[in-house]
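Peer 1: I would like the entire structure built from these sequences, with the hints used as guidance.
Each chain, letter by letter, is given below.
Number of protein chains: 2
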Amino acid sequence: MDILVSPPRSQLRVKRPWKYKGLGEDGISLGLAEIDFDVPEPVKKAMVDAVLKEEFHYTSLEGLQEFLQAVVDRWERFNHVSIGTENVLPTVGAMNGIWLASRVLLKPRDEVIVVTPTYGPILRNFASSGARVIICPSCSEDYHLDLEEIENKISKRTKMIAICNPNNPTGVVYTRNELEYLADLARKNKIYVFSDELYDLFTYDGRKHVSMFSLLGMDGLAIIVNGLTKAYGLSGLRIGYVVADKKIIDKMREINTLIIIHPNVLGQKAAAFALNECDEWMRCLISHCEKMRNLLCDALDRLEGVSCPRSEGTFFAFPNIYGIFNDDIEAARILEREYKLRVSAGSGYGKGGENHLRLNFATTEPIIRESIKRFKRFFRSFKEAR
Amino acid sequence: MDILVSPPRSQLRVKRPWKYKGLGEDGISLGLAEIDFDVPEPVKKAMVDAVLKEEFHYTSLEGLQEFLQAVVDRWERFNHVSIGTENVLPTVGAMNGIWLASRVLLKPRDEVIVVTPTYGPILRNFASSGARVIICPSCSEDYHLDLEEIENKISKRTKMIAICNPNNPTGVVYTRNELEYLADLARKNKIYVFSDELYDLFTYDGRKHVSMFSLLGMDGLAIIVNGLTKAYGLSGLRIGYVVADKKIIDKMREINTLIIIHPNVLGQKAAAFALNECDEWMRCLISHCEKMRNLLCDALDRLEGVSCPRSEGTFFAFPNIYGIFNDDIEAARILEREYKLRVSAGSGYGKGGENHLRLNFATTEPIIRESIKRFKRFFRSFKEAR
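In the order they appear, the protein sequences are chains X and H.
Here the first sequence stands for residues 1 to 386, where the numbers follow the working numbering.
Here the second sequence stands for residues 1 to 386, where the numbers follow the working numbering.
Calculated from the structure, these hints are not laboratory results.
Heads up, some of the hints might be wrong.
Identical copies look the same in the list; a pair holds intra-copy or inter-copy alike.
Stated by the list, open to error - Cut-off 16 Å, straight-line C-alpha distance, at most; resulting in silico cross-link-like pairs (EDC-like, lysine to aspartate or glutamate): (1) LYS45 to GLU55; (2) LYS190 to ASP110; (3) LYS15 to ASP49; (4) LYS44 to GLU55; (5) LYS383 to GLU62; (6) LYS44 to GLU54; (7) LYS53 to GLU41; (8) LYS15 to GLU55.
Peer 2: In structure tokens:
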């Protein structure tokens with residue numbers, strides 16, 4: 001498994017400046033959603049070739065053809081869904097896609113039901129569009145969709161339902177059954193479904209991710225956002241994409257052209273190469289993440305007062321720490337200040353996230369083991385204080 | 001002058017796919033505002049180093065510190081203006097800066113006076129913000145600012161005046177006197193001045209560009225947009241920046257964070273390096289462009305019915321062709337279809353642009369000479385038809 005390379009721990013602060021920003025030499029960051037592994041060597045080689053050949057000048061507004069085709073092929077191969085290049089819009093990271101969805105499809109006074117916990121910027125972006133954000137927390141016991149509650153919240157003004165699947169931060173992978181039910185609601189009420197599927201390849205225990213776009217009759221109603229930069233370690237290249245109906249893609253492109261012309265070409269090149277040529281590397285990464293999940297979730301779950309079932313997907317553990325400490329923001333602060341362990345506070349992910357922490361386990365085994373030790377010391381200090 | 005390298009003509013179509021798109025083997029493109037010269041070798045080398053060292057992961061929302069500092073230093077060196085890194089926002093090309101200015105500073109029902117001809121997206125972006133765009137054509141004889149007309153158009157609703165200096169497409173470089181007068185109007189009426197200064201280094205015959213930001217009392221009112229990607233041939237990396245008051249920069253960053261997080265890091269790296277290390281290369285390019293300007297403008301100006309005074313700056317010639325053909329869009333079409341010479345129709349740049357063509361002369365001497373030949377053949381066909 002040596003195709004998965006991680007820089008020495010001492011180098012991580014240099015290599016991931018934002019993830020480790022402000023942490024000292026012995027700091028560990030399970031915070032920001034970046035993997036701690038090097039970009040696959042062949043991707044770097046392809047980027048060097050592109051630089052030397054200067055293959056990074058203006059491209060067409062539709063995007064680099066090889067990038068569009070790589071997305072189409074990847075959807076065929078991994079998601080078993082047939083799409084065309086006209087269904088794909090390259091974006092400046094997934095964020096750009098979230099923003100476009102909120103601006104192209106929502107008007108002020110429209111309502112959008114957002115299932116929480118979810119990726120924070122979905123909440124912020126949709127709220128800033130002027131639309132009314134209706135929060136719908138997931139089921140409290142297992143974080144799957146509370147379909148009854150979603151149905152209750154649908155009104156005449158409802159224009160969109162927004163989910164994140166696999167869910168960042170809870171790690172839940174929605175089942176085909178629950179997604180079919182959601183699709184049914186969407187079709188009946190003519191509501192768009194926005195689905196952040198950034199972690200679609202990261203599913204465990206044999207689970208399969210089902211894309212909202214693949215469900216019957218949903219190709220006109222589903223807007224899928226994905227990114228290349230997280231899974232392949234290409235975060236700073238800022239490349240993502242939207243998959244949706246051609247009409248929606250055309251509208252989004254029209255707006256994006258006014259904002260950025262098009263995403264950078266070298267990033268599209270690198271992303272195309274990564275999508276086409278790194279399946280084996282990706283399988284190694286996923287299999288490694290599954291092991292790290294077992295290690296981390298099981299260790300945390302064994303602590304009295306902490307509940308941390310194994311994540312079904314993503315590369316996040318999402319322990320409920322209410323049994324030991326009832327303020328996740330303060331807990332994250334103490335963990336970083338006193339135990340040099342950076343994690344994300346669950347409150348940042350909307351209702352249902354409070355009392356939880358999000359820990360990114362896409363890192364090496366020694367770092368996971370050291371993180372567990374530090375978390376246990378934090379845990380013990382509260383047990384003893386009682 | 002061999003630090004200025006151009007790919008063989010046969011390679012240009014491959015190297016500049018968007019500039020040459022749809023043109024056959026013998027096609028020449030003086031259309032899109034890309035230079036036909038290779039990116040400076042040291043910039044490519046720096047990019048390769050950055051790729052191999054993986055220096056392209058998430059950076060801070062403020063931007064890469066070395067990029068911000070490079071902009072500050074460049075302003076000190078070339079523009080003789082002291083700014084701080086807090087006055088700089090990295091953007092996804094200049095377009096992103098234009099869009100942010102239109103969204104952060106304009107509200108529906110505000111009025112913005114746009115001096116035309118100007119870079120087309122300024123008109124489109126400002127109009128799409130919902131603000132009322134008040135067109136103010138330049139003086140018809142020399143394309144300098146019609147200051148009296150600008151003053152007449154100022155109302156209580158006027159929030160901003162938008163200029164492009166050096167002017168794309170007319171090639172005019174506004175004098176300190178006219179800019180001082182404009183600044184005076186802005187200060188008196190508390191109006192922002194948006195200034196697209198992408199071509200600030202490209203001034204000829206000893207002229208000096210004066211930045212609106214450098215004028216007394218304008219550091220709170222001027223919003224400057226610039227880009228790295230055109231002058232250094234880095235178009236597809238999509239890096240530009242805004243210079244403005246810290247409060248404006250902070251608001252723009254807040255919005256941009258929701259749209260794109262931050263521009264790609266490898267582009268910021270490459271741009272920082274280009275700004276810091278390529279002054280000599282840039283001087284060669286500017287000096288070469290001045291020669292090409294002489295060649296092209298003088299040749300066109302000699303044609304009866306064509307008026308093409310030497311451009312004061314930018315890398316565009318902007319001949320008035322009314323004396324031979326009264327439809328610039330059709331003229332551009334004929335030139336491309338029958339003479340395989342792509343140019344931009346002046347109408348795309350707003351009122352005052354009609355009856356003109358824009359020709360990008362940032363290319364090699366053989367291409368300029370061949371373009372002149374083709375233009376003359378086009379010219380003659382109309383003379384003969386009369």
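Peer 1: Can you tell me if LYS383 and GLU62 fall within 16 Å by alpha carbon in one copy, between copies, both or neither?
Peer 2: neither (57 Å within a copy, 41 Å between copies)
Peer 1: Tell me, please, which holds for LYS15 and GLU55 at an alpha-carbon limit of 16 Å: within, between, both or neither?
Peer 2: between (25 Å within a copy, 7 Å between copies)
Peer 1: Could you figure out if LYS44 and GLU55 sit no more than 16 Å apart (CA to CA) within one copy, between two copies, both or neither?
Peer 2: Both. Shortest intra-copy (14 Å) and inter-copy (11 Å) distances satisfy the 16 Å Cα cut-off.
Peer 1: Please sort LYS53 with GLU41 into within, between, both or neither, judging by C-alpha distance up to 16 Å.
Peer 2: Cα proximity of LYS53 and GLU41: across copies only (11 Å, versus 18 Å in one copy).
Peer 1: With identical chains, the pair LYS190 and ASP110 could be close in the same copy or across copies; at 16 Å between alpha carbons, which is it: within, between, both, or neither?
Peer 2: within (13 Å within a copy, 36 Å between copies)
Peer 1: With 16 Å as the alpha-carbon cut-off, assign the pair LYS15 and ASP49 to within, between, both or neither.
Peer 2: between (22 Å within a copy, 13 Å between copies)
Peer 1: Cα distance capped at 16 Å. Does LYS45 pair with GLU55 within a copy, between copies, both, or neither?
Peer 2: Both, since 14 Å and 14 Å are each at most 16 Å.
Peer 1: State whether the alpha carbon distance between LYS44 and GLU54 is at most 16 Å within one copy, between copies, both, or neither.
Peer 2: For LYS44 and GLU54, the Cα distance is within 16 Å both inside one copy (15 Å) and across copies (8 Å).
Checked against the numbered hints above, the structure breaks only hint 5 and satisfies the rest.
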